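Visitor: Spelled out, the chains give:
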Amino acid sequence: MVEEKENVASANAASGQEPVSKKGAKKQAKAAKATEQKAENAAAIAADEAAGDNAADHAAGRYGLSEMIQSKDKRSEREFVLVPELSQHVGKGLVWVRGRVHTSRAKGKQCFLILRQQSSSVQCILAVGDVISKQMVKFAGNIPKESIIDIQAKPVAVANKIESCTEQLVELSVEQIFVISQAKAQLPLQIEDASRPENPDDAEGLNIRVNQDTRLDNRVLDLRTPANQAIFRLEAGVCRLFRDILTDQGFTEIHTPKIISAASEGGANVFTVSYFKDSAYLAQSPQLYKQMAIAADFDKVFTVGAVFRAEDSNTHRHLTEFVGLDLEMAFKYHYHEVLHTIGNTFTAIFKGLRDKYSREIEAVGQQYKVDAFKFLEPPLILQFAEGVAMLREAGVETGDEEDLSTPNEKLLGRLVKAKYDTDFYILDKFPLAIRPFYTMPDPNNPVYSNSYDMFMRGEEILSGAQRIHDPEYLIERAKHHGIDTSKIAAYIESFRYGCPPHAGGGIGMERVVMLYLGLDNIRKTSMFPRDPKRLTP
Amino acid sequence: MCDVATVQKIANCLGVKPGKVQLNEEQVVTRTSAQNKTVAGFATILESLARESKSETAQNSTASREVQAQVYQWIEFAVLYVSPGSKDKHVAKQLLNDFNKLFINKSYLVGHFITLADLAVYYAIYDLVKSLSPLDKENYLNLSRWFDHLQQRPDIHQGEQLLNFTTIYLHNWAQGTHV
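Respectively, the protein sequence lines represent chains A and B.
Just so we're aligned: 329 in this note's numbering is position 329 of the first sequence, and the numbers increase by one with no gaps anywhere.
This note's numbering runs 1000 ahead of the 1-based position in the second sequence.
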């Protein structure tokens, strides 16, 4: 040390610097030693890396970006397994799985990759060894999220439950990995963020949420979340059950035109389209055509199709375009034959959803708070007057013939829930004054009509009635409502050739799913929603 | 609120003959008792009524110096802030919120017993509560509970129709979506 110091001191003197003190010299020596060490380490690392990169990639050919699949090879020897079935393939050799990269983390000699398939996910491991090279692990760690990959792997049972995946007792030990479709590196929203549940109680939990507009603008990504996958499968279930239940009861499915010449419900909320040299309208409901089908001897019909309402309402429950599930039925003597058919159809739909779609309901419940839907069998039917009495008892002032306002509807729903413990009920005999002109009045009481509404969780989902099937009476009622009968001449004409008494109703599919699950916004149940402010995607 | 009618109501509440109650030239309410003594000012009148009353409310209000002081503060607050404030939309909302928070773990304004303070605030806020919709009453659940509790007493409602609070009891078993 002393030698060094002396040397340093003389060196400094030689280079014309000021003579350095003992302490200063020590410091300088230490600094010199440190930089020397650093340089040595850096050189070693560089050498290592160079050696690594240049080292023979013993896994070459077992990973990489696949060329674009243009249907070149059939590769029918590759058998693909779905993620939920992986547990059946443990210990039976290699399998192929195609899915999306949910997350991918490479750390040193290992890479943990979570593979997602619709609502299922499984953990995949790549570890440097005989089969897998360092370059392969690095490649796997760098695959962008949401890319579609094919992997060949061995399903392995694990001792500790993997909490972050739906497959908790199996993991995949990867041997080959190819990227089939690479995703852009920067995603407009993260699926993890979009799937995160609302948890106001958990102060520690991550609070990143994706707001509705961002979701709807990037709907393709948003729809991949497990909750959305479940919601739309449930929606498909509602349609399927509606069709099956009605078909079993002898109904025929019909399809009605959506481009029509005259506004069906009333001129106010209708979209106009240019029709060659003229203009036409988009149908607000299939009402007229359902009735014509009944007059044409189809007896019991239903139709599933688009409904267009040009209502400038920006609320949680209005869309400008939605799917209507409508039905119409001829009856013998009393419209209650139809009322009970509709009520029982709903009960059957609720039962079907509860029994056959419980997995989907649970998946939705992971992200959104879902209160189980309660209903009675047979469904609860109250008279409009009874409903008004219940509201008055609760302190709400409403007239005998006054339509229920939205807050009153919701309050009545809660009162019914508290009294009868049901989320679904029917209100029969609405006042005539607030119903459309084609509604059949009550023969026993001129104030009321043979019309009904059905409610789920306090919100209206169906409005229906016995229709006037007598052309002269129809003209009389139209005049009473101040409607120009020349405008509805074609409609009246359809009843002139003998028409059975009939009744029916229509529901909005999106609204039913929203209320069944207790979600807060109808845009959550419409795949590509349309409202006054949204026309894309 | 500081008018003849309210004073008479409170007098009846306390079981005391109101005597001659009128507004003087400065529009301040005065009361001339049986002994021909005239008192002016709402708070002062309430105190004088309480002294003459043998009712439970009056006894409670003078239970201790501290209670008396708190009761007086509340009466002042009711006259100066609650009554005029309840007529303004935004102040009213703030008032209702504050009272609702206050009543989360209190059954009465002062101590654990009914006092003049409760009476004063009750009458000051009566019209405002009457104008609330059932949903609003539910949003101010604790205030509604206190109000409903008070109005059930015959000495307080004095034969008038009770305001309807049935929906606040719905809260427990029918929450309702999209309210």
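Honestly, the hints are just simulated from the structure, not real lab data.
These numbers come from a predicted model, not from an experiment.
Note that CB positions come from ideal geometry on N, CA and C, so glycine has one too.
Careful, some of the hints might be misleading.
Taking lysine-lysine pairs in the DSBU-like style, the calculated list, with each CA pair at most 35 Å apart, reads [stated by the list, open to error]:
1. A:Lys154 with A:Lys134
2. B:Lys1089 with A:Lys533
3. A:Lys369 with B:Lys1037
4. A:Lys419 with B:Lys1130
5. B:Lys1130 with A:Lys410
6. A:Lys419 with B:Lys1037
7. A:Lys419 with B:Lys1054
8. A:Lys533 with B:Lys1093
9. B:Lys1093 with A:Lys410
10. A:Lys107 with A:Lys92
11. A:Lys184 with A:Lys154
12. A:Lys258 with A:Lys332
13. A:Lys410 with B:Lys1106
14. A:Lys369 with B:Lys1087
15. A:Lys369 with B:Lys1017
Covered stretches of chain B (chain A as the covering partner; in silico rule of three or more C-beta atoms under 8 Å from a C-beta of chain A) [what the hints assert, rightly or not]:
16. 1133-1139
17. 1160-1174
Visitor: So, for every hint listed, does it hold in this structure?
Guide: Going through the hints against the structure:
{"no.": "1", "hint": "A:Lys154 with A:Lys134", "result": "holds, 19 Å"}
{"no.": "2", "hint": "B:Lys1089 with A:Lys533", "result": "holds, 32 Å"}
{"no.": "3", "hint": "A:Lys369 with B:Lys1037", "result": "violated, 66 Å"}
{"no.": "4", "hint": "A:Lys419 with B:Lys1130", "result": "holds, 25 Å"}
{"no.": "5", "hint": "B:Lys1130 with A:Lys410", "result": "holds, 21 Å"}
{"no.": "6", "hint": "A:Lys419 with B:Lys1037", "result": "violated, 57 Å"}
{"no.": "7", "hint": "A:Lys419 with B:Lys1054", "result": "violated, 44 Å"}
{"no.": "8", "hint": "A:Lys533 with B:Lys1093", "result": "holds, 32 Å"}
{"no.": "9", "hint": "B:Lys1093 with A:Lys410", "result": "holds, 23 Å"}
{"no.": "10", "hint": "A:Lys107 with A:Lys92", "result": "holds, 29 Å"}
{"no.": "11", "hint": "A:Lys184 with A:Lys154", "result": "holds, 29 Å"}
{"no.": "12", "hint": "A:Lys258 with A:Lys332", "result": "holds, 30 Å"}
{"no.": "13", "hint": "A:Lys410 with B:Lys1106", "result": "holds, 31 Å"}
{"no.": "14", "hint": "A:Lys369 with B:Lys1087", "result": "violated, 39 Å"}
{"no.": "15", "hint": "A:Lys369 with B:Lys1017", "result": "violated, 58 Å"}
{"no.": "16", "hint": "1133-1139", "result": "holds (count 3)"}
{"no.": "17", "hint": "1160-1174", "result": "holds (count 8)"}
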